[in-house]
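As they're listed, the protein sequences go chains A and B.
Using the working numbering, read the first sequence as starting at 3 and increasing by one per residue.
Using the working numbering, read the second sequence as starting at 11 and increasing by one per residue.
Any given hint could turn out to be false.
For lysine-lysine, the following BS3-like pairs were computed, each having C-alpha atoms within a straight-line distance of at most 27 Å [what the hints assert, rightly or not]:
1) B/K84 x A/K363
2) B/K231 x B/K116
3) A/K451 x A/K479
4) A/K352 x A/K451
5) A/K363 x B/K82
6) B/K231 x B/K186
Simulated from the structure, these hints should not be mistaken for laboratory data.
Remember, predicted model here, so these are calculated numbers, not experimental data.
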Amino acid sequence: MSTGLEREPSVAVTEDELEALVGDRALARDDHLNAPGFVIRPDAVQDVLTDLRDEAGFDHLANLTAQQYADRYESIYHLRKYADPTQEVSIVVPTTTDDPVSQTAEPVFRTADWHEREAFDLVGIDYEGHPDPRRILLPETWQGHPLSEGYDQEKPQLVTLTEHANPVQPDHHDDESDTMFLNIGPHHPATHGVLHIETVLDGETVVDVDPDIGYLHRCEEQMCQQGTYRHQIMPYPDRWDYVSAGLLNEWAYARTAEDLADIDVPEYAQIIRTMGAELCRIASHMLALATFALDVYGDFTAIFQYGMRDREVVQDILEDLTGQRLMFNYFRLGGVAWDLPDPREEFIEKTRDFLDGLPAKVDEYHDLLTANEIFQVRTHDTGILEPEVAKQYGCTGPVARGSGIDYDIRRDDPYGYYDNLEWDVVTEDGCDNYSRVLVRMQEVEESAKIIEQCLDLLEDWPEDERTVQSNVPRTLKPDADTEIYRSVEGAKGELGIYIRSDGTDKPGRFKIRSPCFHNLSALPEMSEGEYIPDLIASLGSLDIVLGEVDR
Amino acid sequence: MTGGQIAGAATLPSVPPTVPLQDTVLLPERLGELTGLDGFGLGGELLATFIAAFIVGNLMLAMTGVAGPWAKRKITAAFTDRIAVNRLGPAGLFIILADSVRLLSKELVVPENADRPAYDLAPIVVASSALLGFAVIPMGSGIHLADPEVGLAYVFAISGIASLGLVMAGYASSNKYSLLGGLRAVAQNIAYEIPLVITGMSIVIFAGTLQMGEIVSAQAKPLLTIAGISIPSWYALVNPFAFVLFLVANFAEVGRNPFDTPEAPTEIVAGYQTEYSSVYFVLIYLGEFLHIFLGGAIIATIFLGGPAGPGPAALGIVWFIIKIWAVFFATQWLRSAVPRVRIDQLIEIGWKGLLVLSFANLVLTAAIVGLIA
Numbered sequence: 003m004s005t006g007l008e009r010e011p012s013v014a015v016t017e018d019e020l021e022a023l024v025g026d027r028a029l030a031r032d033d034h035l036n037a038p039g040f041v042i043r044p045d046a047v048q049d050v051l052t053d054l055r056d057e058a059g060f061d062h063l064a065n066l067t068a069q070q071y072a073d074r075y076e077s078i079y080h081l082r083k084y085a086d087p088t089q090e091v092s093i094v095v096p097t098t099t100d101d102p103v104s105q106t107a108e109p110v111f112r113t114a115d116w117h118e119r120e121a122f123d124l125v126g127i128d129y130e131g132h133p134d135p136r137r138i139l140l141p142e143t144w145q146g147h148p149l150s151e152g153y154d155q156e157k158p159q160l161v162t163l164t165e166h167a168n169p170v171q172p173d174h175h176d177d178e179s180d181t182m183f184l185n186i187g188p189h190h191p192a193t194h195g196v197l198h199i200e201t202v203l204d205g206e207t208v209v210d211v212d213p214d215i216g217y218l219h220r221c222e223e224q225m226c227q228q229g230t231y232r233h234q235i236m237p238y239p240d241r242w243d244y245v246s247a248g249l250l251n252e253w254a255y256a257r258t259a260e261d262l263a264d265i266d267v268p269e270y271a272q273i274i275r276t277m278g279a280e281l282c283r284i285a286s287h288m289l290a291l292a293t294f295a296l297d298v299y300g301d302f303t304a305i306f307q308y309g310m311r312d313r314e315v316v317q318d319i320l321e322d323l324t325g326q327r328l329m330f331n332y333f334r335l336g337g338v339a340w341d342l343p344d345p346r347e348e349f350i351e352k353t354r355d356f357l358d359g360l361p362a363k364v365d366e367y368h369d370l371l372t373a374n375e376i377f378q379v380r381t382h383d384t385g386i387l388e389p390e391v392a393k394q395y396g397c398t399g400p401v402a403r404g405s406g407i408d409y410d411i412r413r414d415d416p417y418g419y420y421d422n423l424e425w426d427v428v429t430e431d432g433c434d435n436y437s438r439v440l441v442r443m444q445e446v447e448e449s450a451k452i453i454e455q456c457l458d459l460l461e462d463w464p465e466d467e468r469t470v471q472s473n474v475p476r477t478l479k480p481d482a483d484t485e486i487y488r489s490v491e492g493a494k495g496e497l498g499i500y501i502r503s504d505g506t507d508k509p510g511r512f513k514i515r516s517p518c519f520h521n522l523s524a525l526p527e528m529s530e531g532e533y534i535p536d537l538i539a540s541l542g543s544l545d546i547v548l549g550e551v552d553r
Numbered sequence: 011m012t013g014g015q016i017a018g019a020a021t022l023p024s025v026p027p028t029v030p031l032q033d034t035v036l037l038p039e040r041l042g043e044l045t046g047l048d049g050f051g052l053g054g055e056l057l058a059t060f061i062a063a064f065i066v067g068n069l070m071l072a073m074t075g076v077a078g079p080w081a082k083r084k085i086t087a088a089f090t091d092r093i094a095v096n097r098l099g100p101a102g103l104f105i106i107l108a109d110s111v112r113l114l115s116k117e118l119v120v121p122e123n124a125d126r127p128a129y130d131l132a133p134i135v136v137a138s139s140a141l142l143g144f145a146v147i148p149m150g151s152g153i154h155l156a157d158p159e160v161g162l163a164y165v166f167a168i169s170g171i172a173s174l175g176l177v178m179a180g181y182a183s184s185n186k187y188s189l190l191g192g193l194r195a196v197a198q199n200i201a202y203e204i205p206l207v208i209t210g211m212s213i214v215i216f217a218g219t220l221q222m223g224e225i226v227s228a229q230a231k232p233l234l235t236i237a238g239i240s241i242p243s244w245y246a247l248v249n250p251f252a253f254v255l256f257l258v259a260n261f262a263e264v265g266r267n268p269f270d271t272p273e274a275p276t277e278i279v280a281g282y283q284t285e286y287s288s289v290y291f292v293l294i295y296l297g298e299f300l301h302i303f304l305g306g307a308i309i310a311t312i313f314l315g316g317p318a319g320p321g322p323a324a325l326g327i328v329w330f331i332i333k334i335w336a337v338f339f340a341t342q343w344l345r346s347a348v349p350r351v352r353i354d355q356l357i358e359i360g361w362k363g364l365l366v367l368s369f370a371n372l373v374l375t376a377a378i379v380g381l382i383a
């Protein structure tokens, strides 16, 4: 466990230095609200990104946004530093509409692999030199690119029967190799949703893993682009990571939109937000713990049920607070929907009761789970994710912290009330499945600390100063072509949102940076060469929610 | 079906005069006397044997019926803070009936490329191999079908046939998960059958016989007497080390946690039984529970004094069933509390750990028994 004080400070790169570094490869400046932006030629992508990574320390490709304007396509590489995510730079790569070809960034950042596949799939930009230029969310037979201009939604997707082969049908059997191809999923007890993993086995050993996602793609980005900033978007984030991380997701949108439209949030509302978000984190980590135990134990065992039982208490508290158990829709731009439920004392006492009982429960988990020798044998040194590999894949959250990467948006790029509270960022150096479990268990305790402090503050807050919302205009119309990328620490990692406004009351482009998407893409690195049970355990330790992976 | 097969093995009465047996008269003979069937020659004896086998088989099946749909749920629920079935009948007991109707009325789906005779035979082999084992188990209260001189060897051999059923199921289902499960089952059974039998042999050294009836009566002798209370020389007390070894090997043998790798629901869906539905599924499920009970019966017989217990000898069957259920309870306890080991770890534990220990136990037992004698 470490605190922010022990970290090596990262040398801040000034804008002048950046400009000098990019040099004459920059065609123009295109600054975003959160970061300086440089427009570069499509054939200089690898050059510039390599320089930024190696010379200036921008080792985190946080996001890649692709979009189409009337006259051009654009890929935006949002770069950050793991050491300090407030240092950001955006690299904007425009391409022509006739020939949207751009150089791939995959050799510089492995995570660009999946991102560029998605950009091709939804927007239609080709990435030259990409090692695997397939669609990723939509089926291979899909016609057109849904987020591109002039895409006809009404046009039926007519696919001939032969073309539309069953994606899990191919057997990949040949007489020469000794390997066996195995479809794990889309319907399998351990895929945590609808995930299809194409696996090649040599006996029980995993030779090759290729996660096939998109089964739960629900056009979340497009739906957000069709909603108004003020009210219509907020319900959607609840549906990304739907296993009780709702408020954390809502905060991602709230933070981005508030920064975009320059909205203040009353301190009182920030405390409620912080408390609610951490309750969600506990609920989410409890479920992660329970299902990981399910994956390793193999049955609905005591530890699974205990996890569900304790999560249930959190859900009750959240229900009291928000009126909902799953789709909270509790945050508003500029605050939260309403104050703590009446009677206040009862709510605070109920939450305190839960927190008081938590240490004993965590001890119980340690007794049952982490102290169990078979569990240790199963999880130690399996699913190894080296920190450098994790950074390459853009892993964040407990997955990164389990690999010793000291990265937590709550502390490094503070928002809400986290800055004023006493808590620690948990890291473990094991890089294995066991470390990731430990990180989650300790984070539950840290979250409890945060909630405790929030409750103290809320309890003593003067009655006439309990403002839950600031004054926000009925209609929000940020200036045209304002661009922003903002992120929060979701339950699974850095949950970010990129918004480009187009002058109307709806976003021009709304891009979600899903932590699960990145974490899942590292699965092959973690599981190749290990046994099938370890593949399953590694998948469980990533704690993915397919709703967020596919969006 | 199974009754007829048991009948063949049921005519080997052997009562050595030196050791007093608890059940000197086997069930088929007693039935023959009671009903007067023994007056009809070989045909009458066969019929009496058949009836006896029918009774024993149904007793075991009834226990499985209680265990599978009801007791298992209740026990697991108690471990995991739940209530489980409680809507139908007292304590939800009638769920047994409802579940039987439900399971038997399901559609029987047979995969297109299934290897037909093997696919159909597998569930029968799995279930019947366990039932056959009960033929030589002395259950007390006079319920004992046959007592051949090779009883212990017979019971190991018969229960080993189940592996064949699992391979058949795994191979014939034409499903990769089934195949993986079948292969795991074989690897596991081979790795654990040997320690199981070797540990069983150390008991044979104590008892000096393979005959189940005699193993039981040998345990009736008092081990020591403290303050007037005589503790019987159950082999679990005489050699607890062997008892633990046997218990562990038995869990692996019947494929229970932490050794349930052949099914491993989160890894290979349901292993060899993935493609089985309806009646076939019931048979395989039944077979699994019968194997747990058979494992419990063997443990009870060779380690826990068989049907011995306080009270009159007529209560033997009650004590015996309690002992079997204790073993069953242990499997469910482990299921709720212990993670599954990985397949390679399982094989390692079997070959490098249990096998060595069981041989050490055998050699030590032989040496000690030799010295005392």
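Hints and how they fare:
For the proposed pair B/K84 and A/K363, the alpha carbon gap of about 24 Å is at most 27 Å, so the pair holds. For a cut-off of 27 Å, the pair hint linking B/K231 to B/K116 is broken: about 52 Å separates their Cα positions. Of the supplied pair hints, the one linking A/K451 and A/K479 is violated, its CA atoms being roughly 39 Å apart against a limit of 27 Å. Proximity of A/K352 to A/K451 is assessed by CA-CA distance (about 16 Å); at most 27 Å being required, the pair is judged to hold.
The straight-line distance between the Cα atoms of A/K363 and B/K82 is roughly 26 Å, inside the 27 Å bound, and the hint therefore holds. Between the alpha carbons of B/K231 and B/K186 the distance comes to roughly 53 Å, so the proposed pair goes past 27 Å and is violated.
When held up to the earlier numbered hints, the structure conflicts with 2, 3 and 6 and fits the remainder.
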